[in-house]
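2 protein chains.
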Amino acid sequence: MANGKIISIDGMGGDHAPRIVVEGLERFAQRRADLQFLLHGDETQLKALLANAPAAASRTTIRHTDKMISMDAKPADAVRRGKGSSMWNAIEAVKTGEAIAAVSAGNTGALMGQSMLILKKAEGVERPALAASWPTRNGVCAMLDLGADIAATAEQLVEFAIMGQAFARVVNGVANPRVALLNIGSEELKGHESIREAARLIRSSNLPMDFRGYIEADKIGFGDVDVVVADGFTGNVALKTAEGIAKMMSDMLREAFKSGPLAMLGAFLAMPALKKFSARLDPRKVNGAVFLGLNGVVVKSHGGTDSVGFEQAISVAAGMGESHFRTEVEDNLKRLAASIAAGAALAAATQETAK
Amino acid sequence: MANGKIISIDGMGGDHAPRIVVEGLERFAQRRADLQFLLHGDETQLKALLANAPAAASRTTIRHTDKMISMDAKPADAVRRGKGSSMWNAIEAVKTGEAIAAVSAGNTGALMGQSMLILKKAEGVERPALAASWPTRNGVCAMLDLGADIAATAEQLVEFAIMGQAFARVVNGVANPRVALLNIGSEELKGHESIREAARLIRSSNLPMDFRGYIEADKIGFGDVDVVVADGFTGNVALKTAEGIAKMMSDMLREAFKSGPLAMLGAFLAMPALKKFSARLDPRKVNGAVFLGLNGVVVKSHGGTDSVGFEQAISVAAGMGESHFRTEVEDNLKRLAASIAAGAALAAATQETAK
Chain A
1 MANGKIISID
11 GMGGDHAPRI
21 VVEGLERFAQ
31 RRADLQFLLH
41 GDETQLKALL
51 ANAPAAASRT
61 TIRHTDKMIS
71 MDAKPADAVR
81 RGKGSSMWNA
91 IEAVKTGEAI
101 AAVSAGNTGA
111 LMGQSMLILK
121 KAEGVERPAL
131 AASWPTRNGV
141 CAMLDLGADI
151 AATAEQLVEF
161 AIMGQAFARV
171 VNGVANPRVA
181 LLNIGSEELK
191 GHESIREAAR
201 LIRSSNLPMD
211 FRGYIEADKI
221 GFGDVDVVVA
231 DGFTGNVALK
241 TAEGIAKMMS
251 DMLREAFKSG
261 PLAMLGAFLA
271 MPALKKFSAR
281 LDPRKVNGAV
291 FLGLNGVVVK
301 SHGGTDSVGF
311 EQAISVAAGM
321 GESHFRTEVE
331 DNLKRLAASI
341 AAGAALAAAT
351 QETAK
Chain B
1 MANGKIISID
11 GMGGDHAPRI
21 VVEGLERFAQ
31 RRADLQFLLH
41 GDETQLKALL
51 ANAPAAASRT
61 TIRHTDKMIS
71 MDAKPADAVR
81 RGKGSSMWNA
91 IEAVKTGEAI
101 AAVSAGNTGA
111 LMGQSMLILK
121 KAEGVERPAL
131 AASWPTRNGV
141 CAMLDLGADI
151 AATAEQLVEF
161 AIMGQAFARV
171 VNGVANPRVA
181 LLNIGSEELK
191 GHESIREAAR
201 LIRSSNLPMD
211 FRGYIEADKI
221 GFGDVDVVVA
231 DGFTGNVALK
241 TAEGIAKMMS
251 DMLREAFKSG
261 PLAMLGAFLA
271 MPALKKFSAR
281 LDPRKVNGAV
291 FLGLNGVVVK
301 SHGGTDSVGF
311 EQAISVAAGM
321 GESHFRTEVE
331 DNLKRLAASI
341 AAGAALAAAT
351 QETAK
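Protein sequences appear in the order of chains A and B. Its first residue numbered 1, the first sequence is counted upward by one per residue in the working numbering. Its first residue numbered 1, the second sequence is counted upward by one per residue in the working numbering.
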């Protein structure tokens with residue numbers, strides 16, 4: 001493994017690990033011949049699976065451990081007693097600089113907790129955030145925080161905006177991302193003070209950001225913005241609501257098409273069109289949430305995903321790891337801090353003058 | 001109009017008023033021969049429309065006013081300068097006791113503001129809430145607050161639970177509603193303290209309530225609970241997200257079926273099944289949000305609805321107006337207050353003993 005950057009992978013995390021992990025790795029390795037992989041977990045199982053993964057096998061080093069974090073582990077326990085597990089070792093390889101990014105489909109809380117402990121918050125970041133993409137009419141939109149924490153101050157929302165902007169550039173390939181704050185519509189009850197203050201902060205700062213103000217949740221799918229910023233509680237509720245409605249509608253549609261012979265024939269005839277419809281909303285295409293704001297890249301794959309979804313998560317990890325994400329965020333955080341400091345100085349001076 | 005209870009209707013509110021208002025009224029009047037109606041707005045227009053509404057016409061009194069609240073009016077202006085408008089007069093008739101409930105498809109903020117001002121908060125209610133139903137796999141689920149305010153304390157969330165329970169009974173006909181608090185999943189970040197405190201309060205109180213703890217937003221559609229309680233900001237985001245995703249998926253599906261001759265033929269053959277699918281998710285069937293916690297019933301119809309949706313909103317108003325909603329809520333609020341007082345007394349006694 002002398003050549004090529006390395007992606008570190010938790011081989012044992014997720015509902016269908018290690019099988020879909022290695023299958024996803026193989027899919028990714030077929031596309032990207034320039035990268036190497038570190039695969040953490042049970043050597044016997046992983047070796048057997050790699051035997052059927054020719055593209056990945058020659059560029060993958062297995063790091064054996066028989067310790068793993070269960071999907072229903074309590075995050076605090078996983079953090080306290082997680083050392084040496086496949087998840088822990090995957091993250092650790094990023095810390096040591098061996099790998100450029102880590103991926104796991106394991107327990108979200110455990111992954112966030114271990115990542116925080118091992119990698120620590122990046123300089124200038126007050127609160128890390130979980131970011132992911134979701135489908136819109138004409139592409140995808142990045143959203144954060146999806147639940148790294150439950151609340152956020154105005155300054156933290158601006159941090160999220162800065163990190164989300166860089167995420168949209170790196171992961172979704174948007175050159176100049178349009179950024180908006182999630183808010184509610186009622187004229188006079190325009191959301192929490194923290195959101196309004198965040199809007200003021202962004203507008204008064206010198207951030208190089210195409211800021212579009214507020215967006216209501218029903219407009220996210222229109223594709224008019226590339227980054228939607230919310231506190232972790234709100235973002236998580238929006239994400240889960242969207243997932244729930246999409247699943248319910250898909251299930252109901254499937255039931256409808258199975259409700260009789262004519263409906264089944266109709267579905268059969270319309271199948272290519274229906275497949276295109278499903279593909280536009282395929283959650284696997286947007287798999288891979290990134291835990292932003294740490295000294296290193298950690299990507300969380302959906303626990304129940306398949307090899308196609310896991311391939312996408314590795315792809316997000318590679319994109320983040322190879323990018324200038326951290327320097328871009330650092331520069332903008334410095335701009336933000338400077339503009340907040342200037343604002344405070346101005347306020348102090350004004351107060352002084354008023355005396 | 002000596003006999004029969006009266007529903008008071010804002011004839012001029014909504015995107016397609018007064019036409020769909022009178023058409024919706026006619027549809028409702030055909031089903032309910034025992035009720036009377038007060039219709040507020042432009043007499044000439046309303047009279048002309050009622051000429052084609054035989055079931056409603058004989059039981060409808062028009063109260064003329066040429067003042068109306070525009071859909072884009074600022075709520076504060078609508079409240080300050082709304083007196084004498086069709087919306088104002090519709091609510092006023094509830095205050096005077098003439099009508100048992102009011103309905104409007106007008107500006108939400110204006111309607112909430114005017115309702116608060118005219119009807120005032122009910123005894124024992126700290127914060128009114130906006131409640132509505134949304135479709136689930138096997139029926140509907142009531143949700144509140146959908147944005148009457150942006151925040152809620154633990155006590156206010158319990159109030160919402162009490163009002164939501166009564167709403168589910170009256171509007172959705174659920175004998176013993178299962179109630180849950182909207183929360184996020186991550187084990188250790190189990191939502192805001194106010195939500196956890198609300199759960200403790202409900203569990204320790206003597207409320208006659210089938211309380212099911214927390215629910216995540218992706219589970220609402222499962223139909224396992226009948227009432228979902230959230231603060232107004234979160235509830236509004238969830239509602240708007242659901243509306244947005246449902247609309248996006250419907251549009252994408254329609255596009256898919258128009259994408260070629262085979263798809264169109266397929267859609268044609270599957271049409272009856274697809275219509276049943278659409279009917280299960282028809283937003284008109286759940287139209288009619290109720291502003292709970294005032295001295296009187298005010299129902300907000302979706303502004304863009306048609307006559308079928310407006311009929312449903314009148315139906316919600318009639319159900320609420322004829323019910324024991326207020327006494328049930330009052331009784332439970334008293335139970336809640338007693339249990340909070342008892343808790344405080346116990347805490348004080350414990351502290352005393354500890355001295």
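Hints should not be assumed to be uniformly reliable.
Here are the simulated PhoX-like cross-link-like pairs (lysine-lysine), alpha carbons at most 25 Å apart as the crow flies [unchecked claim]:
(1) B:Lys247 with B:Lys219
(2) A:Lys247 with B:Lys219
(3) B:Lys275 with A:Lys275
(4) A:Lys258 with B:Lys275
(5) A:Lys285 with B:Lys285
(6) B:Lys334 with A:Lys219
(7) B:Lys5 with A:Lys247
(8) B:Lys285 with B:Lys5
(9) B:Lys334 with A:Lys190
(10) A:Lys258 with B:Lys247
(11) B:Lys121 with A:Lys275
(12) A:Lys276 with B:Lys83
(13) A:Lys285 with B:Lys334
(14) B:Lys219 with A:Lys74
(15) B:Lys285 with B:Lys219
(16) A:Lys47 with A:Lys74
(17) B:Lys121 with A:Lys190
(18) A:Lys219 with B:Lys247
(19) B:Lys334 with B:Lys120
(20) A:Lys247 with B:Lys275
(21) B:Lys67 with A:Lys219
(22) B:Lys275 with B:Lys247
(23) B:Lys258 with A:Lys247
(24) A:Lys276 with B:Lys275
(25) B:Lys95 with B:Lys334
(26) A:Lys247 with B:Lys120
(27) A:Lys258 with B:Lys258
(28) B:Lys95 with A:Lys219
In short, the hints are calculated from the structure, not lab data.
Here's how the hints hold up against the structure:
no., hint, verdict
1, B:Lys247 with B:Lys219, "holds, 19 Å"
2, A:Lys247 with B:Lys219, "holds, 10 Å"
3, B:Lys275 with A:Lys275, "holds, 20 Å"
4, A:Lys258 with B:Lys275, "holds, 14 Å"
5, A:Lys285 with B:Lys285, "violated, 34 Å"
6, B:Lys334 with A:Lys219, "violated, 41 Å"
7, B:Lys5 with A:Lys247, "violated, 43 Å"
8, B:Lys285 with B:Lys5, "holds, 24 Å"
9, B:Lys334 with A:Lys190, "violated, 32 Å"
10, A:Lys258 with B:Lys247, "holds, 23 Å"
11, B:Lys121 with A:Lys275, "violated, 52 Å"
12, A:Lys276 with B:Lys83, "violated, 54 Å"
13, A:Lys285 with B:Lys334, "violated, 52 Å"
14, B:Lys219 with A:Lys74, "holds, 21 Å"
15, B:Lys285 with B:Lys219, "holds, 21 Å"
16, A:Lys47 with A:Lys74, "violated, 29 Å"
17, B:Lys121 with A:Lys190, "holds, 22 Å"
18, A:Lys219 with B:Lys247, "holds, 10 Å"
19, B:Lys334 with B:Lys120, "holds, 19 Å"
20, A:Lys247 with B:Lys275, "holds, 19 Å"
21, B:Lys67 with A:Lys219, "violated, 32 Å"
22, B:Lys275 with B:Lys247, "holds, 15 Å"
23, B:Lys258 with A:Lys247, "holds, 23 Å"
24, A:Lys276 with B:Lys275, "holds, 21 Å"
25, B:Lys95 with B:Lys334, "holds, 24 Å"
26, A:Lys247 with B:Lys120, "violated, 41 Å"
27, A:Lys258 with B:Lys258, "holds, 21 Å"
28, B:Lys95 with A:Lys219, "violated, 37 Å"
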